[in-house]
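*Asks:* Could you build all of it, start to finish, from the sequences and the hints given here?
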Amino acid sequence: MSTRNRFAVLVLAAVATTVACGGGEKEETKAPPPAAGGAPAAPGAGAAAPAAPAGNATISGKITFTGTVPPAEKVKLSADPKCVEMHKEGMEKQPIKVKDGGLADVYVYVKGGLPPGNYPAPAEPAVIDQKGCNYTPHIVTLQVGQPLKIKNDDDTLHNIHPRPTINEEFNIGQPRKGMESTRTFTKKEIMFPVGCDVHPWMRAYISVADNPFYAVTKEDGTFEIKGLPAGDYEIEAYHEKLKTMSQKVSVKSGETTKVDFAFKG
Amino acid sequence: MTPPEAAVFDRWRHRFAVTTAGCTLLLIFIGGLVTSTGSGLAVPDWPLSYGRLMPPMVGGVFFEHGHRMAATFVGLLTTILAVWTARREPRAGVRRLAWAALAAVVAQGVLGGLTVKLLLPTSVSVAHACLAQTFFCIVIALAYSTSPEFIDARAAEEDRAGVGPAAALATGVVFVQLALGAVMRHIGAGLAIPDFPLASGRLVPPFDAPGVAVHFAHRVGALVVLAAVIRVLLRAWRASAPRLVRTASLALALVVVQIGLGGATVLSGRAVGPTTAHVAVGAAVLGTCWLATLRAFRLLRRRDRLAATASRLGVMVTS
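Here the protein sequences line up with chains A and B, keeping their order.
When we follow the numbering used here, the leftmost residue of the first sequence carries the number 6, and every step to the right adds one.
When we follow the numbering used here, the leftmost residue of the second sequence carries the number 627, and every step to the right adds one.
The set of hints was computed from the structure by calculation and includes no laboratory data.
What you were told as hints is all true, and nothing was included just to trick you.
Here are the simulated SDA-like cross-link-like pairs (lysine to any residue), alpha carbons at most 20 Å apart as the crow flies: (1) A:K193 - A:E173; (2) A:K116 - A:G236; (3) A:K87 - B:F688; (4) A:K87 - B:M680; (5) A:K93 - B:V684; (6) A:K182 - B:M683; (7) A:K81 - B:G664; (8) A:K156 - B:G677; (9) A:K81 - B:F688; (10) A:K81 - A:K136; (11) A:K136 - B:P682; (12) A:K104 - A:A77; (13) A:K79 - A:E245; (14) A:K79 - B:T663; (15) A:K156 - A:K182; (16) A:K79 - B:V684; (17) A:K87 - B:V684; (18) A:K98 - A:P205; (19) A:K87 - B:P682; (20) A:K102 - A:F197; (21) A:K81 - B:A897; (22) A:K81 - B:G895.
*Replies:* Below is the structure:
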């Protein structure tokens, strides 16, 4: 029995007390976990872990795709007239976006080899915007402890429902345009989906890293990760459909090292 | 000794109970729609919906809030039925049944809220599905106990063929099968075996993926249900009880349709239509088996076990 199910059984046993059914949309903000200097501790390091060494090496490259790109799927928007109005010519979904051979929306990150220590989370929140009955950006990247601002820029209601397996799942509603909520993830977790159950086509991915060394490929498939200390690293590229590729790389201080990946369809 | 309370046929209360049972079946269908369309969490708050009584009925909100509205309506019907029964019903057992229906519908509403609050944990979702079927059976019992057939019945014939026990067993088997179906649906194992009528091209599939065992158990359960319902029909036939034959025949017809819908659910990749119909027809199978059980125990006298044993042993029993 999973923890959630066990919890559910406990709740069932005390039904009367549990039905504290609030109702109504509330702005909820979870405080980041306490850590020295306001920054979260890196995994494996206690609160007093030393600051991670700074660096000035760069990894850059291009992720390519060869093979047949599946045709874009037409989205049925008719369930919400306001979404129809925002997309009078219809909407298409293409999870494998290729331009000049370059693959967009690939999450590239340093999977292993980083020196231990604290990698402070930025105080500036990462943002996911519900706009045009879609999510912007499609891949949301942030660090453990960094706030995630969730915005509704649509004149229709949305619920935002991430489905992590390591972090805590939540489901909040934003029924009005201009609403904002802030949440924080407390554990490292790569590429878990977030969706809207009102508009089932709305789907994005969130990656929560325990360090700042990650990037998402641009339209042309290029990426760049800056500020790395010199060392030997494992770099992984993660695409929502094509899954993962990884390779080992050595980087030197002040130099840019090329790392390319080639996905096949 | 107090004489037994005399039951009086109350046409309008009986009709109201039948209507409540019909609305409950419709509510189960709408509940199935919520799951089939993946709209269970389209409204993240409860008991209000996006902080209001009536949110915009767009996308998944249409199904989830529609289910809440239908549930509220059935809750209202049940409350009226319970109060009506408490005031007019001379039989204490029936009054208790009406209060049990009210308690069940309240508990069901709370479970529905918990599924939303706890983000659809399997245990709560399955409990919600099973309590829906239980509530449906209670309302059917209320409708039957207020029917002219129940009130006027004189159980002259002995249940020599054992229709009652067979129908009770079939009802139990169907309930277990529905619970298994609910587990399969809520753990997302509806397509764990992607072909039909074979299972991964074989009679017994390789159990190499999570959910295959539950899915396969549900398929085997369908055959057990089929056998149990055929057994009821054969016994009703042997008992020469036309009303029971009709009820059992309806149950059998529904089981055949249900197996077809199960296949269509798999082959269509869990399309909303067949998947939801599969949920509703499953409830109808349960309700029909349950009605057959109630009718058998009402219309036929329970078999005297001592006489039956003596008869088997060839001994004459004198009283």
